[in-house]
Structure formats: structure tokens, C-alpha cells
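Let chain F serve as the given structure and place chain B on it in line with the hints.
Number of protein chains: 2
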Amino acid sequence: MPSQTNARVLFNEVPTGYPEPGKTTVCDTSKTIDPDNVPLDGGILVKSLYLSADPFQRGMMRAPEVDSYSPAFTLGESILGYGVGLVVRSEQPDVQAGTHLYGLLPFQSYNIIPSLDHGFRIIDNKHNLSLSYFVGVAGMPGKTAYMAWKEFSHAKKGEVAFVTTGAGPVGSFVIQLAKLAGLKVISSAGSDEKVEYMKSLGADVAFNYKTANTLEILKKEGPIDVYWDNVGGETLDAALETANVGARFIECGMITGYNNGGYPIKNLYNVVTRSITMTGFIVLELESKYSEEFYNTVPELVASGQIKYREHVYEGLESVGEALLAVQQGTNKAKAVIKVAA
Amino acid sequence: MPSQTNARVLFNEVPTGYPEPGKTTVCDTSKTIDPDNVPLDGGILVKSLYLSADPFQRGMMRAPEVDSYSPAFTLGESILGYGVGLVVRSEQPDVQAGTHLYGLLPFQSYNIIPSLDHGFRIIDNKHNLSLSYFVGVAGMPGKTAYMAWKEFSHAKKGEVAFVTTGAGPVGSFVIQLAKLAGLKVISSAGSDEKVEYMKSLGADVAFNYKTANTLEILKKEGPIDVYWDNVGGETLDAALETANVGARFIECGMITGYNNGGYPIKNLYNVVTRSITMTGFIVLELESKYSEEFYNTVPELVASGQIKYREHVYEGLESVGEALLAVQQGTNKAKAVIKVAA
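From first to last, the protein sequence lines stand for chains F and B. First residue of the first sequence: 1, per the working numbering; consecutive thereafter. First residue of the second sequence: 343, per the working numbering; consecutive thereafter.
Here chain F stands alone, though its shape is the one from the complex (with noise of 0.2 Å):
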């Protein structure tokens, strides 16, 4: 194989509102790689396969002195997100050529990895699923749906909750686990069409929150036992409004804030006279408490259809900007998967 290009998405200005494609991230094509002789000092040579755009990214894309849970993107250098790459090359024992590897990647069609630590797994495809389900379902959305949903509902049967960004990755999967805990699942979504979808999932009321009032619709059906929050803004406050007493708010994301500032929450008194209970949550800490039971059960449970997923596919690097946007404002149809090579 000769040498070819090594086309890498890269940070290249730190946006002020949405992330805007060809301006805050770049696909360049100036490099190449030798895939057969490049030296791997050890390491593995791992080719993209399916690359992840995730709303956490978001976060990444700022100056490097503000403080947040994820480091900041560099200036001029390749963003990075979740993928399922091809082993191609290793110089490492426990890896094969020919094995597909889950982790964060640097987005660029070929990267040197030197070694499994930092995350990296091996995926064990039993089920046959499509090994874009590994950055989805069976990867970081999933493992943020199933371990949190886990380890702070404290769901009753019979219940209320209230999923926000329901047809998305993780909400559409907190809807189906809320509904087998035996919940009143309340969800919302930007469109008719994810309205839909939510319905087919189960959710008994679902709603598009940009023509119905959210406000009204959980003054109706709630008092609302478990909130999970991907948008903050507006709707934590009227989830504020309308929660239970003893509520467990799962603060897994405020999408709203990530790109205009913070929306002033006016309710958060509640949090006090209701004994809500609000947790924000690094889903890599849940990691080692149910990482088997997530790979010993999700992957079944998609497969044998218990559970249900669907892709929104980009096609190639050059697709990563339109990507990143789209999973800012919600116009994406489901998960978004950028396909890099087959």
C-alpha cells in the first residue's frame, strides 16, 4: 500500500455560538501516511472506521485556561470524539491485526496509538451488530443512558419521568429503560417526526417542544419523580416547577447553555422545598461499576430487538463540521455517525 492521505479534522478557532464547519473545525488533507511501513514504536496503527459526534464536544471547543471536566481542544491540532477503527498494524502482544478497537480517537483516517491503555477496547462483536452501534448504543451514549439511569433514578414502578432530547442516543434509550422500570415516560423532541419515534418507543406522552408548551404538558401529566435533563434552560425550569417532592433530577446535559450562555434558572428554590436531589455525572466514573453488565446485556438487547436504535449517517471527514452543528441543534434524524471507511 503506498503512501496516501492522512485526512485529519483539526480545531481551528474557538467558537463563540455554534460550532461552525469550515471555521471551527477544518478538514485538511496536507498530510500522508504510509500505512505499511509507518513506525509504530511499539504502538498500534489503527485505521477509522465510524467516528462519533456527540453534544460533549462541544465543551471541548474552548481556550484552553477555562476549567471543565474534559480537556480543551488544541489550536491546529485534530479534535477528538469516540470511534470504531481497524486494527491494521500493532507491535503490541494483546492485540491482532484485523481486531476493531472503541475509544477516543484523534478524527483523522489513520492514528498511532500506543497501546490499549487510556480506554481502549477491544470489541467483541458477537452479536453482529454494525460496528457503528459501538460508538452509539453499545458505546459512550449507551453506557450514559444505562449507568446513570442506574445509579440515580432510583426509579418506582409507576413513577413519572421526563426525558428530554428523547429521539436522540441517550434519551431514546432512557425512554425504553424508563418504560421497563414500569414508569410514565413524559418525552420531548424537536420535531413531528421524532414525536413519532419517541411513541414507537413507548413513551406514553410525547410532544414536539418547539409548537406544544412544555410547562403546560408536565403541569398536566406530572408531578415529575425523575427528570433527565439533556437541555437545562427553559425546560429545567419548568421541570423545577412541576417536580415531586424527593425528585431526582439527572443532570446529564444543558445543550441550551452550551451555546448562547446561561439561561437564568429561576426555579432552582425548589431544589430546596421539594428535597430534589440534582446530579451532574462523569459517565467514565460509572465505567467500573457496570462496564460488564453493559457489554454482557446491551449489545443482546439490541440485537434481539428489546431495544431500539437508529443512526443518522455522515459520510466521510469532510461531513464532521455539518456533524458537530447538527448534534448542537438538534437537526439531526438520530445518533450521528460520521462513516469514514468501510
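These are computed hints drawn from the structure, not numbers from a lab. Do not rely on the hints blindly, as some may be mistaken.
Derived list of chain B stretches under chain F, where covered just means 3 residues or more per stretch with a C-beta under 8 Å from a C-beta of chain F [as the list claims (entries may be wrong)]:
| hint | segment |
| --- | --- |
| 1 | 590 to 597 |
| 2 | 607 to 618 |
| 3 | 622 to 632 |
Note that the coordinates shown come from a computational prediction; the quantities given were computed from them, not determined experimentally. Yeah, the Cβ is synthetic: ideal placement off N, Cα and C, and Gly gets one too.
Below, chain B alone, put in the same frame as chain F:
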């Protein structure tokens, strides 16, 4: 003993801002009682000795249709609060005349309670504390501090705690618990005299929030691992801005929101980005787990001087309105206690 006045503090009007003595509550002397002959119907006649003015009572001064964790006061009826009373007569076999009771009492000179149900407790004062302490450091405020700190702080030696209303009955106890656990303690209150008191309790950094800039102090002395919130509002926003990853916010109260509506919180987003847990709680729900430990530990710690405590004593039921306003405005100098009778 002939018939005598049974003075009562009545809920007269729902306040829109601070509770006003003589308007929100009035002291009524139109009723009489004959302690020797009043029929008890199997119950217990209790003479009020000490009553307690606490921030939570503001939440009960509301229209009954507004939901909360505590019932609303009834217009025209006596308000409720914690108190210590002397048993004058008893038709309950487990309660002897001459013993002292602690529990939620209507604010009257005399009450007839049916039994020890609903949280009444016979006081075992083996360390000869002032009986008033059993509505303070050895009562509800002390339990609030002790039990919630034990349950929610997850404090580790060397961490940083920020305690608001640090000169009050709850905050002053929390400062001392945090120091016992080996934390660096930052604490705030609203007068220089209170700052000196907090320093005498061991606070490493104590400041007057009316003259110092809370955010600047937290930026310099933080980041914060445990935040004990009694105030909400701007201070909570500053704590969110300077919270460490994994911080625990114990939401004991948001007194700044009780009297002037909700202050809009801008930094709640950090709950997600810094994995913060915020917990509202009802101390009654922690009682079964910690009550015996509390009564076995705290009175002795106070008697031996290992835990310091002080009071601001108001004289007579006619001073209740003044005491209720003081605890909302922070003008009381220490735990507000109303001495009703010796």
C-alpha cells in the same frame, strides 16, 4: 390554679415580602385556660417554656394551595414551630407530669397534645444543658447540621468547605463539623461581629458578605468541594462558579429567595460540566438513621465545650413576630429562641 390567659401567636395574613410583626402574625390574648381542670381526653397538657424561630417557618406563611414539603399555616390559627414544654398533667401512661417534651408545638402558652406521636420526644437532659438548647444545637437546627453533613458531605480531609450563615445555629455547627473532619473552612455572615464569632469557631477564612466580595474570596480560597447553602441567590451562583469537579452542594435553604422571589441562577450549567451533586433534603427523613447517634453524641459535645453554641433570647410570646422577622433578615445575633415561661 385559676383560669389564666392562654396567649397565642396567630397567622393573620400571608406576607408578600418579609413577615411583619403585628400584621403577618398577631399575639392574641382573648382565650383562657384552666390548667388544673381543662379536659385532656387522654392527652397531655404542655406548658410552653421555649419556642424556636427558624427560617423554615417563612415557607409555612403561605396560601394553602401552594405546594411545599411542610403544611401551610392556617389563617386565624396559631402558627407552629419547635418548642420545649413542661408536662403539667398527663393522661398518657408513658408520660409523667414534670417531664419535658420536645417537638412541633402551636405557639401558645399551653397546648393539649394527644400523645407522643408526631415526633414528640421526652428530653433526657443528663448533661444539664439549658432546656432551650433542645430547640437549637440539640434540636432541629443541630440535627439539620449534623445529619445532613454526615449523609451528604462525603467530606475528605484537606478539602475546602464553604458555609453560609456561618454564625447561625446550623452554619456554626457545620463549621465545627467541617473542622473536625479536617477541611479548610470558608464561612460568611452579615456582620463583623459574626465574622469574629466564626473565627472563634475555627473558620480558616471568615468574611462579612455585606462588605466583602464573595466571588473574589471564593476564587482566591477555593475551589469548593462542599458548599453548605443556606442562602441561595448570588452566593449560590458564586459557589457554582468556583466549585471543584465533583463538588457536593448541600441545599439546606435559600433564604434570599424566601422573601423576594427567585434570584435567577446563571451558573447552574456547572452542575453538568463539573459533576456537581446538589441535594435538597428534609431532616425528618434522616432522623431514623441518625437520631440515636445524635442524642448520644451532641449534648455531650456541647456540655464538654467541644461544640460551641450561643443563643439570642427573645422574651415572651409577644416577641415572636420580631424573632420571625429577625431570622429572615439575619438581624438576630445567634440562635433565636423565645422564652415563654421559666
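Now for the hints, and whether the structure bears them out:
For the segment 590 to 597 of chain B, the proposed coverage by chain F is satisfied: 4 residues have a C-beta within less than 8 Å of a C-beta in that chain, meeting the threshold of three. Counting residues of the segment 607 to 618 of chain B whose beta carbon lies closer than 8 Å to any beta carbon of chain F gives 12, which meets the minimum of three for the stated coverage. Only residues whose beta carbon comes within less than 8 Å of a beta carbon in chain F count, and the segment 622 to 632 of chain B has 4; three or more means the coverage holds.
The earlier numbered hints are all upheld by this structure, with none contradicted.
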